[in-house]
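Asks: Line by line, the protein sequences give chains E and B.
Using our numbering, the letters of the first sequence correspond one by one to residues 321 to 879.
Using our numbering, the letters of the second sequence correspond one by one to residues 321 to 879.
Take these hints with a grain of salt, some might be off.
[What the hints assert, rightly or not] Under the rule of at most 27 Å between Cα atoms (straight-line distance), these lysine-lysine pairs were calculated in the BS3-like manner:
id	chain 1	residue 1	chain 2	residue 2
1	B	325	E	572
2	B	428	B	336
3	E	428	E	336
4	B	572	B	640
5	B	428	E	572
6	B	562	E	428
7	E	572	B	562
8	E	336	B	428
[As the list claims (entries may be wrong)] Covered stretches of chain E, going by a simulated chain B footprint (3 or more residues, C-beta under 8 Å):
id	region
9	447-453
10	476-484
11	567-581
12	682-688
[As the list claims (entries may be wrong)] Distance ranges between label pairs, derived from CB positions:
id	chain 1	residue 1	chain 2	residue 2	range
13	B	737	E	375	16 to 26 Å
14	E	411	B	408	36 to 46 Å
15	E	411	B	873	48 to 58 Å
16	B	550	E	329	35 to 45 Å
17	E	763	B	478	52 to 62 Å
18	B	554	E	708	36 to 46 Å
19	E	550	B	798	53 to 63 Å
20	E	756	B	873	37 to 47 Å
21	E	549	B	329	41 to 51 Å
22	B	329	E	329	47 to 57 Å
23	E	792	B	860	31 to 41 Å
FYI, nobody ran anything at the bench for these hints, they're computed from the structure.
Even glycine gets a Cβ: it sits at the ideal position worked out from N, Cα and C.
2 protein chains.
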Amino acid sequence: MAEFKTDIEIARAARKLPIQDIGDRLGIPAEHLLPYGHDKAKIGQDFIRQIQDRPDGKLILVTSINPTPAGEGKSTTTVGLGDALNRIGKSTVVCIREASLGPNFGMKGGAAGGGRAQVVPMEDMNLHFTGDFHAITSAHNLLTAMLDNHIHWGNSLEIDERRIVWRRVLDMNDRALRDIVVGLGGVGNGFTRQAGFDITVASEVMAILCLAKDLGDLERRLGDMIIAYRRDKTPIRCRDLKADGAMTVLLKDAMQPNLVQTLENNPALVHGGPFGNIAHGCNSLIATTTALKLGEYVVTEAGFGADLGAEKFFDIKCRKAGLHPAAAVIVATVRAMKMNGGVAREDLANEDVEAVENGCPNLGRHIANVKGFGVPVVVAINHFHGDTDAEIQAVREFVATQGAEAIVCTHWAEGGAGAEELAHKVAQLADSGASCFAPLYPDDMPLFEKIETIARRIYHADEVLANTTVREQLHAWEAAGYGHLPICMAKTQYSFSTDPNLRGAPTHHSVPVREVRLSAGAGFVVVVCGEIMTMPGLPERPAAENIRLDEQGWVEGLF
Amino acid sequence: MAEFKTDIEIARAARKLPIQDIGDRLGIPAEHLLPYGHDKAKIGQDFIRQIQDRPDGKLILVTSINPTPAGEGKSTTTVGLGDALNRIGKSTVVCIREASLGPNFGMKGGAAGGGRAQVVPMEDMNLHFTGDFHAITSAHNLLTAMLDNHIHWGNSLEIDERRIVWRRVLDMNDRALRDIVVGLGGVGNGFTRQAGFDITVASEVMAILCLAKDLGDLERRLGDMIIAYRRDKTPIRCRDLKADGAMTVLLKDAMQPNLVQTLENNPALVHGGPFGNIAHGCNSLIATTTALKLGEYVVTEAGFGADLGAEKFFDIKCRKAGLHPAAAVIVATVRAMKMNGGVAREDLANEDVEAVENGCPNLGRHIANVKGFGVPVVVAINHFHGDTDAEIQAVREFVATQGAEAIVCTHWAEGGAGAEELAHKVAQLADSGASCFAPLYPDDMPLFEKIETIARRIYHADEVLANTTVREQLHAWEAAGYGHLPICMAKTQYSFSTDPNLRGAPTHHSVPVREVRLSAGAGFVVVVCGEIMTMPGLPERPAAENIRLDEQGWVEGLF
Chain E
321 MAEFKTDIEI
331 ARAARKLPIQ
341 DIGDRLGIPA
351 EHLLPYGHDK
361 AKIGQDFIRQ
371 IQDRPDGKLI
381 LVTSINPTPA
391 GEGKSTTTVG
401 LGDALNRIGK
411 STVVCIREAS
421 LGPNFGMKGG
431 AAGGGRAQVV
441 PMEDMNLHFT
451 GDFHAITSAH
461 NLLTAMLDNH
471 IHWGNSLEID
481 ERRIVWRRVL
491 DMNDRALRDI
501 VVGLGGVGNG
511 FTRQAGFDIT
521 VASEVMAILC
531 LAKDLGDLER
541 RLGDMIIAYR
551 RDKTPIRCRD
561 LKADGAMTVL
571 LKDAMQPNLV
581 QTLENNPALV
591 HGGPFGNIAH
601 GCNSLIATTT
611 ALKLGEYVVT
621 EAGFGADLGA
631 EKFFDIKCRK
641 AGLHPAAAVI
651 VATVRAMKMN
661 GGVAREDLAN
671 EDVEAVENGC
681 PNLGRHIANV
691 KGFGVPVVVA
701 INHFHGDTDA
711 EIQAVREFVA
721 TQGAEAIVCT
731 HWAEGGAGAE
741 ELAHKVAQLA
751 DSGASCFAPL
761 YPDDMPLFEK
771 IETIARRIYH
781 ADEVLANTTV
791 REQLHAWEAA
801 GYGHLPICMA
811 KTQYSFSTDP
821 NLRGAPTHHS
831 VPVREVRLSA
841 GAGFVVVVCG
851 EIMTMPGLPE
861 RPAAENIRLD
871 EQGWVEGLF
Chain B
321 MAEFKTDIEI
331 ARAARKLPIQ
341 DIGDRLGIPA
351 EHLLPYGHDK
361 AKIGQDFIRQ
371 IQDRPDGKLI
381 LVTSINPTPA
391 GEGKSTTTVG
401 LGDALNRIGK
411 STVVCIREAS
421 LGPNFGMKGG
431 AAGGGRAQVV
441 PMEDMNLHFT
451 GDFHAITSAH
461 NLLTAMLDNH
471 IHWGNSLEID
481 ERRIVWRRVL
491 DMNDRALRDI
501 VVGLGGVGNG
511 FTRQAGFDIT
521 VASEVMAILC
531 LAKDLGDLER
541 RLGDMIIAYR
551 RDKTPIRCRD
561 LKADGAMTVL
571 LKDAMQPNLV
581 QTLENNPALV
591 HGGPFGNIAH
601 GCNSLIATTT
611 ALKLGEYVVT
621 EAGFGADLGA
631 EKFFDIKCRK
641 AGLHPAAAVI
651 VATVRAMKMN
661 GGVAREDLAN
671 EDVEAVENGC
681 PNLGRHIANV
691 KGFGVPVVVA
701 INHFHGDTDA
711 EIQAVREFVA
721 TQGAEAIVCT
731 HWAEGGAGAE
741 ELAHKVAQLA
751 DSGASCFAPL
761 YPDDMPLFEK
771 IETIARRIYH
781 ADEVLANTTV
791 REQLHAWEAA
801 GYGHLPICMA
811 KTQYSFSTDP
821 NLRGAPTHHS
831 VPVREVRLSA
841 GAGFVVVVCG
851 EIMTMPGLPE
861 RPAAENIRLD
871 EQGWVEGLF
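Required output: the full structure, derived from the provided sequences and hints.
Replies: Structure (C-alpha cells):
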C-alpha cells in the first residue's frame with residue numbers, strides 16, 4: 321500500500337491539464353470556454369444553445385444510505401465512478417455541486433471527493449471558485465434593498481411590513497444576523513422592521529439557478545418569487561418590484577456551468593449548490609443537461625440519503641427537466657451498516673458481522689425505494705481500510721436478497737482503477753434500457769396527498785400529522801394555482817423518520833408537519849418537519865483561526 | 321464629425337484583443353497571466369515578485385479642479401492620455417480604480433472613461449468584474465462574524481460591546497442596513513447589540529488592499545486593524561481574534577492586479593477602489609508599482625478634485641510606497657470654469673467668457689497646490705462640443721499667468737489622437753527631471769498640526785476648529801504610537817472649504833472637525849469634516865428597474 325497522503329496533499333500533487341485541453345476533449349471551442357485562471361472555466365451560453373439538438377447521454381444517479389458520522393463517500397464514489405467509466409472507454413462527465421464558502425471558516429472545508437477520487441482545484445472550490453455564490457448573494461440582496469426602498473418611498477404596492485417573507489443572505493456563518501431589526505436611525509433610514517439573514521445556499525435564488533433551463537426561464541422564475549403579502553394576503557412578487565431583470569443580469573455568468581477536472585484529468589461540471597432540506601439539493605439542471613449533450617454518460621449525485629436526495633432528484637429535478645435516469649448507484653459502507661446496526665463510532669474498528677446484518681435493512685429499503693421509481697440499482701460498497709471479508713460478504717449477500725448486486729470499490733485508494741467493476745455494471749444497466757423511470761406522484765394529485773405519498777411510500781410512515789393552519793394553507797395554494805407543484809421535504813437526513821436517532825428501517829412512525837412554505841419561483845412547496853437551520857453559527861474555535869497562507873503561498877488550515 | 325454614439329455603443333463595437341496579447345506586449349508569460357474570460361486577467365504574484373528589481377517607469381498623476389455637475393472627464397483624460405502616449409511611441413500603462421457594483425443599481429453605472437477614451441469590457445467592470453469586491457466583502461464580514469462569535473462563546477478578550485467599531489459591509493445600496501440591531505431571538509443567536517452595514521468600498525479592508533505592498537504586508541495590516549475596545553479603552557485588534565490569516569486567504573486573488581485594455585488595445589490595470597473621503601481614493605499600490613515595472617510611463621488618477629484626491633495621493637499613497645510622481649495633469653473644462661464662475665447648469669450652452677474668467681481661480685489654486693508638492697503641472701482642457709474659441713482662449717491665458725500651459729484635448733471624440741499634444745508635453749515634463757516631489761508635511765509632525773497644514777496650505781483656510789474630545793483623541797493616539805501616521809481628510813469634494821456651495825477659490829474660511837477615526841491597518845487618521853455617508857440608499861426609481869438582458873444577451877439599462 322502506498323504511503324498515506326491527505327486529500328489536500330493528493331490534490332496539490334495533481335498533474336492538472338490546462339482547462340482548454342479538457343474543453344477540447346468535450347468539443348468545446350476555445351471561444352465558448354471562458355477561463356477563470358488556467359484550471360477552471362465556464363461554458364458559454366451560446367455554445368449550450370448550439371448543442372441543444374444533440375442526443376442525450378445516459379444519466380447515472382449516485383445516492384446513498386442515510387448518512388452516519390462514519391461517512392459514506394457519495395461524492396468520492398461519484399468521481400471514482402466517472403473516472404472508471406472513462407477508463408473503460410466510456411466518455412463520461414461528472415456533475416457535482418459547488419461548496420459554500422462560509423461554513424469552511426467554521427469547520428474545516430471539504431474536498432470534492434476524497435483520496436484518489438477528487439475534483440481539482442480543491443482550494444479554489446472551497447473559496448470563491450468562479451464567483452457564482454457571490455452573484456447569488458448580490459441578486460438576492462438587491463431584491464431586499466428594492467423592497468425596503470419601495471416601502472421607504474411611499475409603498476404604492478401596499479406591502480404589509482408584517483408579511484414580508486423575503487430575507488437577506490450572506491455566504492458566512494453569522495448567527496448574530498439570524499434575527500435582526502433594520503431601519504433604525506430615523507426617517508432617512510426607512511421604516512423599522514424585524515428581518516434576518518440566511519446563508520446564501522438557502523436562498524430561493526440558488527434553487528432557481530439550479531432549476532432554470534436558460535436565462536429566460538431564470539428571469540421568469542425570479543419574477544414569480546413571492547416576497548411579501550398585502551394586508552389582504554394577496555402576494556407581492558419580485559416582478560412587482562421590477563427586480564427580475566437586474567437580478568438576471570447579476571446572474572448571467574453564474575448561470576454558466578463551471579468546468580474543472582478530476583485527478584485523472586476527466587471533465588467535471590461543478591455548478592450550483594442548493595440546500596438539501598428547504599431546497600432540492602442537486603447540482604444545476606443546466607450543468608446536467610449540458611453534460612448529457614457532451615458525454616455518453618453523466619454521473620451525478622443528490623444530497624443526503626436516497627430518502628431525501630434521490631426522491632427530490634427524481635420528483636423535482638427530473639420531473640421539471642424531463643430527465644430519464646438510466647441507472648442509480650447506492651453507496652454504502654460496512655462502517656455505516658455497523659452504525660445502523662447499533663455499533664458506536666468508537667467501536668467501528670472491531671469486526672461485527674451481526675451488526676452489519678442488523679444495519680442492512682436501511683440499505684434494503686433504499687434499494688426498494690429507488691427501484692420503485694423504475695430505475696435499476698447497483699450498490700457500491702465504498703471500501704474502508706479495516707473492513708473484513710466476512711463483513712463485506714454479509715452486505716453482498718443481503719443485497720442479493722434485495723434483487724441487486726453489491727460491488728466493492730477501492731477508488732479512494734486507487735482512483736478510477738478501483739471502480740472499474742462498478743463502471744462495467746453501471747454501463748451494462750444503463751445500456752440495457754431497463755429503466756422505466758416515473759416520478760412517485762402525478763402533478764395533479766392534491767398537495768397533502770403528495771406529502772402522504774412520500775411519507776408512506778418512501779419513509780414507510782403510517783401517517784402525516786398536520787394542523788388546520790397547514791392544511792388550509794395548502795388548500796389556499798391549490799386555489800391560487802400552485803397545486804401542481806411537487807413537494808420538497810425538509811426533514812432530518814439521519815433517519816427515514818423525522819427522529820434523527822431512529823436508524824435502520826423504522827416503521828409505524830408519524831411525520832409531523834411543522835410548517836409549509838411556497839417557493840413559487842423555484843416551483844415547489846417546502847414541507848418543514850422539524851427544526852431547520854438556515855443560518856449556521858461558528859463553533860467556539862472556528863477553523864478560520866488556523867487558516868493562513870504558508871511560505872509557499874499554499875492555503876493552510878482550510879482542510 | 322462622426323455620428324453620435326453612446327459610450328456603451330462605442331464600448332460594444334470595440335475590437336478587443338485577446339487579453340494574452342495585451343499581456344504579451346507587457347512581457348507577461350502566459351503562465352503568470354490568469355485569465356477571467358477572454359478579455360480580463362489577473363497578474364500572478366510570482367511574476368510581480370520576479371520583476372521587483374527592474375527600474376521604474378515614470379508616474380503621471382491625472383487630477384482635476386473641484387468637480388461640478390458639468391463633469392470634468394478625469395478618467396476619460398487618464399485613458400486618452402495613456403492611448404496618446406502609446407501612439408507617440410511611449411510604452412504606457414493606465415492605472416484606474418474598479419467600480420462598485422451596488423451603486424449601479426441606484427443611478428446608472430459609469431463607463432471607465434468615456435467616448436473614444438474608454439477601458440473595456442465596460443459591462444463586466446460595472447458588474448462582478450473579477451470578484452475583488454466580493455472577496456473584500458467576505459473578508460470583512462468574516463471578521464465581524466468572528467467578533468460576535470467570540471463574545472457569544474464567553475468573551476475571553478473582554479470586548480466592551482458598546483465600544484465595537486467594526487461594522488459589516490455589503491456592495492449594495494441598502495439604507496435599511498445603516499443602523500440595525502443584531503443578535504435577537506434568544507441565547508442561540510448571541511448577544512443583542514446595535515450594529516450596521518457600510519458599502520464595501522468604505523471598508524478598511526479595501527483601503528488596506530489598496531495600500532499593501534504584498535500579501536505579507538496585507539496580512540500584517542489586517543492584523544493591525546482596531547475593531548473594538550475594552551472597558552479600559554485598550555484596543556482589540558483583528559489579530560487578537562486570529563482572523564488576519566483567513567482574511568488574507570480570502571483576499572489572495574483579489575490582491576492580484578486586473579489587466580484589461582483601452583479601446584485602442586493598450587494595457588490598463590483596473591484594481592481597487594477605496595472611498596475618496598474616509599479613505600484615500602486611489603487605485604491599488606500594487607497595481608501602480610507593478611505598472612511602473614511594465615511600462616515606460618504610468619498614467620493614473622486620484623479621486624475627486626486635487627484638494628482631496630491629489631493631496632491624499634501624494635501624502636498617503638506616494639509617501640507610503642516611496643513613489644515619485646514625475647508630472648501631473650490637472651483636468652479642467654470650460655463648462656466647469658463657467659459653473660465655478662457662477663453660471664447655472666441650464667445656462668452652460670451660452671458663451672460667457674467673463675464667467676470662465678471668474679471661475680478660473682479655482683483652477684489656479686489647484687495648479688499652485690500641486691506645484692507646491694514639487695510636481696510639474698500641465699492643464700488639460702477636456703473639450704466639449706459647444707466650447708467657444710474665446711472661452712478656451714480665456715482659460716489658456718489664465719493658466720499661462722499661473723506658470724503652466726493649458727492644452728485642448730479631444731480624446732473623447734477622437735481617442736488617443738486627440739490627446740497627442742498633451743502626451744508630448746507630459747512626456748517632456750516627466751523626462752525633464754523637473755519633479756522634486758516631497759509630501760506636504762513630515763511624518764513626525766503632531767497630528768493636529770498636520771491637519772492645520774493641509775487646511776492652510778491646500779484649502780487656504782484660516783483655522784481648524786476642533787473640540788477638546790477631538791484634540792484629546794489625537795493626543796491619545798500619539799501617545800499610543802500612531803502620531804507618525806498621515807491624515808486622510810473627509811470633506812466635501814465640491815469646494816476647497818467644507819461648504820459645498822462655496823465654489824471658486826475661497827479664503828478666510830474655517831475647517832470644523834466633526835470627528836476623528838483611526839484606520840490603524842490602512843495607516844492613516846481620518847478627519848471627518850461634515851456628514852459622510854458610508855451606506856448609500858436607492859432613489860425612488862432605482863436604475864435596477866430598467867436593467868435587463870436584451871434579446872442578444874446585452875445588458876440594457878445599466879448605462
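Asks: Would you mind marking each hint as holding or not holding in the structure?
Replies: Comparing the hints with the structure gives:
1. With a C-alpha separation of about 26 Å, the suggested pair residue 325 of chain B and residue 572 of chain E falls inside the 27 Å cut-off, and the hint holds.
2. At roughly 24 Å between alpha-carbon atoms, residue 428 of chain B and residue 336 of chain B fall within 27 Å of each other, so this suggested pair holds.
3. Using a Cα cut-off of 27 Å, the hinted pair residue 428 of chain E and residue 336 of chain E holds, with the two alpha carbons roughly 24 Å apart.
4. Between residue 572 of chain B and residue 640 of chain B, the direct Cα distance comes to roughly 21 Å. Compliance with the 27 Å bound is thereby established for this hinted pair.
5. With a CA separation close to 19 Å, the supplied pair residue 428 of chain B and residue 572 of chain E stays within the 27 Å bound.
6. Note on residue 562 of chain B and residue 428 of chain E: the hinted pairing holds, with a Cα-Cα distance of about 16 Å set against a maximum of 27 Å.
7. A C-alpha spacing of about 36 Å is found between residue 572 of chain E and residue 562 of chain B, which places the hinted pair above 27 Å, so the restraint is violated.
8. For the suggested pair residue 336 of chain E and residue 428 of chain B, the alpha carbons sit about 42 Å apart, so the restraint of at most 27 Å is broken.
9. Using a Cβ-Cβ cut-off of 8 Å, 3 residues of the region 447-453 of chain E lie near chain B, which meets the minimum of three, so the contact claim holds.
10. With 0 residues carrying a beta carbon less than 8 Å from a beta carbon of chain B, the region 476-484 of chain E misses the three-residue requirement, and the given coverage is violated.
11. Coverage of the region 567-581 of chain E by chain B holds [criterion: at least 3 residues with CB-CB distance below 8 Å; count 5].
12. Only residues whose beta carbon comes within less than 8 Å of a beta carbon in chain B count, and the region 682-688 of chain E has 0; fewer than three means the coverage is violated.
13. At roughly 54 Å, the beta-carbon separation of residue 737 of chain B and residue 375 of chain E lies outside the given 16 to 26 Å, and the hint is violated.
14. The hint said 36 to 46 Å for the Cβ distance between residue 411 of chain E and residue 408 of chain B, and at roughly 55 Å that hint is violated.
15. Checked against the hint of 48 to 58 Å, the C-beta distance between residue 411 of chain E and residue 873 of chain B comes to roughly 30 Å, which is inconsistent with it.
16. Against the hinted window of 35 to 45 Å, the Cβ-Cβ separation of residue 550 of chain B and residue 329 of chain E comes to about 42 Å, which satisfies the hint.
17. Between residue 763 of chain E and residue 478 of chain B, the C-beta spacing of about 60 Å keeps the proposed range 52 to 62 Å intact.
18. At about 60 Å, the beta-carbon gap between residue 554 of chain B and residue 708 of chain E misses the expected band of 36 to 46 Å.
19. As the Cβ distance of residue 550 of chain E to residue 798 of chain B is approximately 58 Å, the hint placing it in 53 to 63 Å holds.
20. Remark: the range hint 37 to 47 Å for residue 756 of chain E to residue 873 of chain B is upheld by a beta-carbon distance near 39 Å.
21. Hint check: residue 549 of chain E to residue 329 of chain B, Cβ distance near 42 Å, so the stated range 41 to 51 Å holds.
22. In this structure, residue 329 of chain B and residue 329 of chain E meet the distance hint of 47 to 57 Å, their C-beta atoms being roughly 52 Å apart.
23. The hinted range of 31 to 41 Å is satisfied by residue 792 of chain E and residue 860 of chain B, whose Cβ atoms lie roughly 38 Å apart.
Of the hints listed earlier, those the structure fails to meet are numbers 7, 8, 10, 12, 13, 14, 15 and 18, in rising order.
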